[in-house]
Structures are given as structure tokens and as C-alpha cells.
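Please build the complex by placing chain B on the supplied structure of chain A, with the hints as guidance.
Chains as they are written, first to last, in the numbering used here: chain A, 1 to 288; chain B, 289 to 589.
It is possible that part of the hints are untrue.
To be verified - Cβ pair distances, simulated, as ranges: (1) B:513 - A:280: 50 to 60 Å; (2) A:287 - B:327: 55 to 65 Å; (3) A:38 - B:330: 55 to 65 Å; (4) A:130 - B:423: 29 to 39 Å; (5) B:576 - A:145: 51 to 61 Å.
Since the hints were made in silico from the structure, they are not lab data.
We treat Cβ as the ideally placed atom computed from N, Cα and C, and that holds for glycine.
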Amino acid sequence: MNAIMSDPAINPPDSNSQGAVAPSAASIALEHVTKRFRTPKGQMYTALRDLTLSVAPGEFCAVVGPTGCGKSTTLGLISGLERPNAGEVYVMGAPVTGIDPRIGYVFQTDAVFPWKNVLKNVAAGPLFRGASRAEAYERARDWIARVGLAGFEDRYPHQLSGGMRKRVALAQTLINEPQILLMDEPFSALDVQTRNLMGDELLQLWSASGASVVFVTHDLEEAIALADKVCVITAGPGTVKGIYPVDLPRPRNAAEIRFDPRFITLYQTIWEDLRSEVIISYERAKQR
Amino acid sequence: MNVLSNANRGLTPINASDEVDAEIKSHNSKVLRRRLIVNALRLLLLVVIIGGWELGARLYVATNEAFGIDPFFWGQPSGVWAQLVTWVRDGTSQGPLWEQIAVTLEEAVIGFAIGVVLGVVFGVVLGRNQFLADVLGPYIKAANSIPRVMLAPLFLIGFGLGMQSKVALAVVLVFFIVFFNAFQGVREVDRNLLANARILGASNRQLSMHVIIPSALSWILASLHVSFAFALVGAVVGEFIGGIQGVGLMVQVAGANFNANGVFGAIVILAVVALVAETSVTWLENRLVRWRPNQAAEATL
Numbered sequence: 001m002n003a004i005m006s007d008p009a010i011n012p013p014d015s016n017s018q019g020a021v022a023p024s025a026a027s028i029a030l031e032h033v034t035k036r037f038r039t040p041k042g043q044m045y046t047a048l049r050d051l052t053l054s055v056a057p058g059e060f061c062a063v064v065g066p067t068g069c070g071k072s073t074t075l076g077l078i079s080g081l082e083r084p085n086a087g088e089v090y091v092m093g094a095p096v097t098g099i100d101p102r103i104g105y106v107f108q109t110d111a112v113f114p115w116k117n118v119l120k121n122v123a124a125g126p127l128f129r130g131a132s133r134a135e136a137y138e139r140a141r142d143w144i145a146r147v148g149l150a151g152f153e154d155r156y157p158h159q160l161s162g163g164m165r166k167r168v169a170l171a172q173t174l175i176n177e178p179q180i181l182l183m184d185e186p187f188s189a190l191d192v193q194t195r196n197l198m199g200d201e202l203l204q205l206w207s208a209s210g211a212s213v214v215f216v217t218h219d220l221e222e223a224i225a226l227a228d229k230v231c232v233i234t235a236g237p238g239t240v241k242g243i244y245p246v247d248l249p250r251p252r253n254a255a256e257i258r259f260d261p262r263f264i265t266l267y268q269t270i271w272e273d274l275r276s277e278v279i280i281s282y283e284r285a286k287q288r
Numbered sequence: 289m290n291v292l293s294n295a296n297r298g299l300t301p302i303n304a305s306d307e308v309d310a311e312i313k314s315h316n317s318k319v320l321r322r323r324l325i326v327n328a329l330r331l332l333l334l335v336v337i338i339g340g341w342e343l344g345a346r347l348y349v350a351t352n353e354a355f356g357i358d359p360f361f362w363g364q365p366s367g368v369w370a371q372l373v374t375w376v377r378d379g380t381s382q383g384p385l386w387e388q389i390a391v392t393l394e395e396a397v398i399g400f401a402i403g404v405v406l407g408v409v410f411g412v413v414l415g416r417n418q419f420l421a422d423v424l425g426p427y428i429k430a431a432n433s434i435p436r437v438m439l440a441p442l443f444l445i446g447f448g449l450g451m452q453s454k455v456a457l458a459v460v461l462v463f464f465i466v467f468f469n470a471f472q473g474v475r476e477v478d479r480n481l482l483a484n485a486r487i488l489g490a491s492n493r494q495l496s497m498h499v500i501i502p503s504a505l506s507w508i509l510a511s512l513h514v515s516f517a518f519a520l521v522g523a524v525v526g527e528f529i530g531g532i533q534g535v536g537l538m539v540q541v542a543g544a545n546f547n548a549n550g551v552f553g554a555i556v557i558l559a560v561v562a563l564v565a566e567t568s569v570t571w572l573e574n575r576l577v578r579w580r581p582n583q584a585a586e587a588t589l
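The following block holds chain A by itself, in its conformation from the complex (with noise of 0.2 Å):
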């Protein structure tokens, strides 16, 4: 693992060329990745069919498409908590066997540790990976104020609002220094305005870390003031649908670039393309 990590292929990827970096130049690849799961019942459902991506180092990559197309699936795959049945992942040029010390995970759903107070939960990461208490304490209480939280370190999650958990999360996961961010559709869960605020403070976040990001949202507009490309997803079984560059400026004021008229013609365009999938997947929705 060593040896990949000074792995000296890393160049600067052309952004224009939608995303075909060659795998041991990328940072993730997935390449004709497929994943059935089991149903209950059963049968085999496909959840991603011959899916192929790839992300450059300290790109940011956001995933749309519509609901059940397995843009969680993917992320799954690339953490190693799930295999792919056919295809092969790639992190850092090698094959994905296990959880990778490098990848930071932000979940969709509220995944910091209830019993926890905010100082506890931040300094897990650090203190599941062997650092003194001492050390993880210091370095918790360092990351909670550059999340905001300065003050709430001995608060527990339910005394926090639901941005104020997400910011507990998203320092719990940073902690860690990942060179890989997967983040599940981490801001769904609030209302738009505080989503706003909390894709700005990513921004910052993230430029300041340089860590790679596929970021998996249902939110158009979201997945386009945050990031470098937009990969569009089919309904499922999922596979790519087609990959947008986003050359719009940074820094970006992620609540504010959505009145740039580069913004409205690329949300056009992609929406065109997502459209019709998503009417595939209102379709079958009815008809279950």
C-alpha cells in the first residue's frame, strides 16, 4: 500500500476530456463495474450495469441521477464495504480489497455515534487509527472549530440541529486527511438554505485539502455549483450516461454561482440528458 501512495504517475489531468484518465493516473477508476444485490425474495437485482468512471487526483466529481440508479452503490464500491460482481475498482492505481485507510466517507443518513459527545466523535478517527488520546483530542478540537462548532464539544447529537450533526460529520471524516472524499447525498437531509451554506463551507474546506471527491446527489443544481464534472447516471441498472466538465471559476460562491448565465446553460444541457431518466424511473416507481 506503500508503494502506491508515492506512486509518482499522478499528472494533471486535461479536464476536457470528459473524464478518460488512464487508471493508474487516476486518483478512483471503475471500469465496466457491475453489482447485483439480492432481494429479499430472492432474485438477483442489478443495481449498476458496465459502469465506467474515473476521477484525476483533487478533482471534485458529482454523480446525479435519479432515485434507486445505484449512485450509492457506486460509492460503496469504491470504499471497499461492497465487491463489484464483474468489473474492478481502483484507488490510487490499485485494485480495491478492503476499506483503504485513505478514503473519508459522509453518509447520507446521520452516521456520527449518538452516545458520543461532538469532542468524542470527531477524535474516533484518530483513535481507531492507534493516535494517544492526547493527540486525537488536540487535533478534534482543531477540526471543530474550523467546522464552526467551537463552544458544542461537549454536546451530544441530539442536542444539535441537523446542519450542526452534519458538520460534527464532516469533521469526524476530515479528521482523518483523506485523499479520497465520498460523500452520499450529505446534505438532503436539510432545508435549502443551510444546504446552500454547507456546500459553500465544502468548498472550502476541500480546496484546502486537495483530497479527491465523487459527491452522489438528486440535486442538479447542487451537483453543478460544487463541482468539476457532473457525471450523469441512467435509472437502474445504472451506468454512464454521459459526463459534463463544469468550467466555471474558482473560488465559487457555492450559493451565489447559480445566477451565472454559464450556470443556467449547463444546467440545461445536463438536464436534458437526466430528464428522460428520470421519467424512466417516475414510471416504474408508478408502476410498482
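Relative to chain A, chain B alone:
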């Protein structure tokens, strides 16, 4: 809680603070009045039941056994009280009253502790290991379907008339309750929390200590309320069937001597012991799950 009161304050125009004060005052007095009524009714209910019983017993004697409750068979409150006073002052036929209570309590507490530890350990191990759970499942279900009080004679033969047989019975009674709760608690752990902990770098042992056991703790603690009562049942039934000391033996002796007041007296003593134990379990629960929204306090009767 703070957030709520702050929000309320934010909505209130400053010049309306007198109005708000008045509202708070009227609300407080409403709460106070309700509590008063509840307590008064509780007391009334007690007086009606105890008084009715006492009256019925006296009526029976006064009407020459034509009417009322026969105190020979059903006892009477004043008789129960007299019995308790006698026990406290002169001791029981097996020795001082405190000794009897201490013996029963000791059996119950030791049985409870062993049963809880075994139940939690087995519950967590089987909850985490699907294979073991599949292999042992039918046997555990079969063992659970046996009325476990029936094991009392067996323990008496095996462990003798002393404390051990009662402890064993209490252990068996407590074990299954705690085991099933711990097992279920482990099974119900949020998959997201497990995935999150694994991604953050938790080893299997850390997963148990930081996620699975804290998560199952609410289930386990809920079972402790019931299981201490069962530990007492185990101790008392054990003494009842064959013992040389304890509150269970007091009940047995009183019953054998047609002393209805003695049976009720022992029941009162046991009830007090159980209530004290229940209070300490609740205290323990509130200490251990401080992270939880304060639902335990709201659910308490």
C-alpha cells in the same frame, strides 16, 4: 430545551414581557394543581382499598361471620401491621428480620449480577456471530420455552439447601431475559454507524466497544428493570421450595401456619425491596445513557 426557550423569546415583543410572565405563572399553577390532584387521588385510592379491607374484616367479626371478609383466610391490614412490628421487634422464627431480608437480597443480587454478565456476553457474541447463532438457536429457544422455575428442585438436589441453589435459580431466570435483549440489541445496531466506524478505521474489537455495546445498551438496560424482579422471584421461590433462611421461607412458614397476615407482611417487605432495586436500576440507566434525549424520565410512572 434551550433552543426552544430562546426561539420563544425571539418571537416575543419586548413590551409584552408582563403578559408572558403572567402566562408562565398561570401555567406553573396549573401544573402544580394537577400534581396536587394526582397525589390526592393516589392517597384516596390507598385509603379506600386498605380501609375497605380493614372494615370488611372487622364487619365479619362484628356480624358474627355473617358478612364481610374472613380475616383468618384473607388477613387484615391492622394484623399485617402488627405482624410487621412483631418481626421487627422480636425477629422471625428463623432469626432476626434483617437477616432474612439480607439473605434474600444477597441471593437475588448475586444471581442478578451473574445472570446479567452471562446474558450480555452470550448475547453480544451470538449477535455478532451469525454462524454460532444458527447452530445454537434451536437449543436456546428450547431452553427458553421451559418454565425455568421447574428447575428449582434440580438445583436443590445439586447445590443443597443453602444460598447456591437460590442464586442458580435467579441466574437462570435473569440470563434469558438479558440474553434475548442483548442479542436483539446487537442485531438492531444501525448499519450506517457500523459502516462509518469501519471507514473511520475501527478494528473488530473497537467496533464492539464503541458501536455495538453502546448501541445495545438501551436494550440491555431496559431488560434490567424486569430481570431484577425475576432475580427476586428466583431467590424467593428457591427458599420457598427448600431453604433454611430468607423472606421466601417466611412466606412458606406463614402459609403453613395459616398465618395470612404473615404472608401479606412478607409480600409487603418484598415489594419494598423490589421498589428500592427498581429505583437504583433507573438511576444506573440515567447515568449510563446520558447521551439519550431524556425519554427515560418521561416514561417513568
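Evaluated hints:
1. B:513 - A:280: 50 to 60 Å: holds, 52 Å
2. A:287 - B:327: 55 to 65 Å: holds, 60 Å
3. A:38 - B:330: 55 to 65 Å: Since the Cβ atoms of residue 38 of chain A and residue 330 of chain B sit about 56 Å apart, the hinted range of 55 to 65 Å holds.
4. A:130 - B:423: 29 to 39 Å: This hint holds: roughly 35 Å between Cβ atoms.
5. B:576 - A:145: 51 to 61 Å: With a Cβ separation near 30 Å, residue 576 of chain B and residue 145 of chain A fall outside 51 to 61 Å, so the hint is violated.
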